[in-house]
Amino acid sequence: MVQAKLFILQTLWLLGIAATAQADPCAYPATALTNGNPVMGSNFTYSPVVKGTVKLEYMVQLTCPPYQTLNLDALALKGSFTVTTVKGSPAYVRITVIAADGSVPAASVVLYLNPPAPALLIKPNRPTGFTIQ
Amino acid sequence: MSTPAPVTNPTTFTITDPNGATENVTSFDVDFGRATGQYTLTASVALANVTVDAAAGTYSGKIADLHEQLGAGAWFAAARAVNANGVSAESPEATFAIVPPPPSAPTGFSVA
Chain X
1 MVQAKLFILQ TLWLLGIAAT AQADPCAYPA TALTNGNPVM GSNFTYSPVV KGTVKLEYMV
61 QLTCPPYQTL NLDALALKGS FTVTTVKGSP AYVRITVIAA DGSVPAASVV LYLNPPAPAL
121 LIKPNRPTGF TIQ
Chain P
1 MSTPAPVTNP TTFTITDPNG ATENVTSFDV DFGRATGQYT LTASVALANV TVDAAAGTYS
61 GKIADLHEQL GAGAWFAAAR AVNANGVSAE SPEATFAIVP PPPSAPTGFS VA
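Heads up: the sequence lines are chains X and P, in that order.
Residues in the first sequence are numbered from 1 upward in steps of one, following the working numbering.
Residues in the second sequence are numbered from 1 upward in steps of one, following the working numbering.
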């Protein structure tokens with residue numbers, strides 16, 4: 001009888017440990033970004049932005065406190081992309097972060113893109129000299 | 001001080017464009033005309049047909065490669081830079097003269 005009670009207690013204790021070991025809903029997801037939003041590391045298009053190669057500056061915030069600022073490199077994702085865009089500045093894309101087990105509420109993040117230098121969109125300056133010999 | 005005589009029968013040209021690389025210049029247009037600032041002929045010069053001095057920002061080529069048959073007389077010329085977004089304004093103007101060679105000597109002369 002005592003052994004049975006001990007077994008039950010041990011089982012309950014182990015179950016308790018398993019329960020607390022479930023994924024923290026506010027934990028950082030282990031998978032890369034998915035769900036139809038631009039998959040990091042690939043080319044993507046959106047509008048309205050400018051044409052050219054841009055450098056991404058980004059800050060990822062999960063919806064669960066305390067808010068975390070994460071470097072996307074930690075996700076083994078590329079930090080820069082080549083994008084084909086239309087026009088406009090500044091520009092951004094919204095990326096949704098989800099957990100591997102789907103338990104984490106979708107957290108949207110905004111990537112602010114630095115548009116390329118205006119020189120890429122204008123005509124060249126006149127040559128400063130022309131000589132014939 | 002008198003104005004120096006223009007170059008006669010030139011064979012080469014040099015375009016100075018220190019912004020050529022940063023502005024992604026892909027070619028130059030060289031314009032010719034009989035009057036200053038009035039150009040009636042245009043020759044396109046691809047970068048592959050010029051010698052580029054990146055440090056000096058110059059692009060040099062041969063007049064003959066412009067494929068323009070310029071008649072005898074005074075000419076005025078200027079260059080424009082070209083990139084994917086369009087063409088620049090004219091460069092400072094250069095002047096030169098085409099002087100035809102003297103005729104060959106007659107091959108015979110007789111008196112009858």
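Errors might be hidden in some of the hints.
Unchecked claim - Estimated spans, in silico, between C-beta atoms of each pair: (1) X:129 to P:101: 21 to 31 Å; (2) X:129 to P:111: 12 to 22 Å; (3) P:64 to X:129: 33 to 43 Å; (4) X:133 to P:102: 19 to 29 Å; (5) X:133 to P:87: 23 to 33 Å; (6) X:129 to P:108: 16 to 26 Å; (7) X:129 to P:41: 19 to 29 Å; (8) X:128 to P:35: 50 to 60 Å.
By construction, these hints were calculated from the structure, which means they are not laboratory data.
All of these numbers come straight from a predicted model, not from anything done at the bench.
All C-beta atoms, glycine included, are put in the ideal place defined by N, C-alpha and C.
Contradicted hints - numbers only | 2, 3, 6, 8
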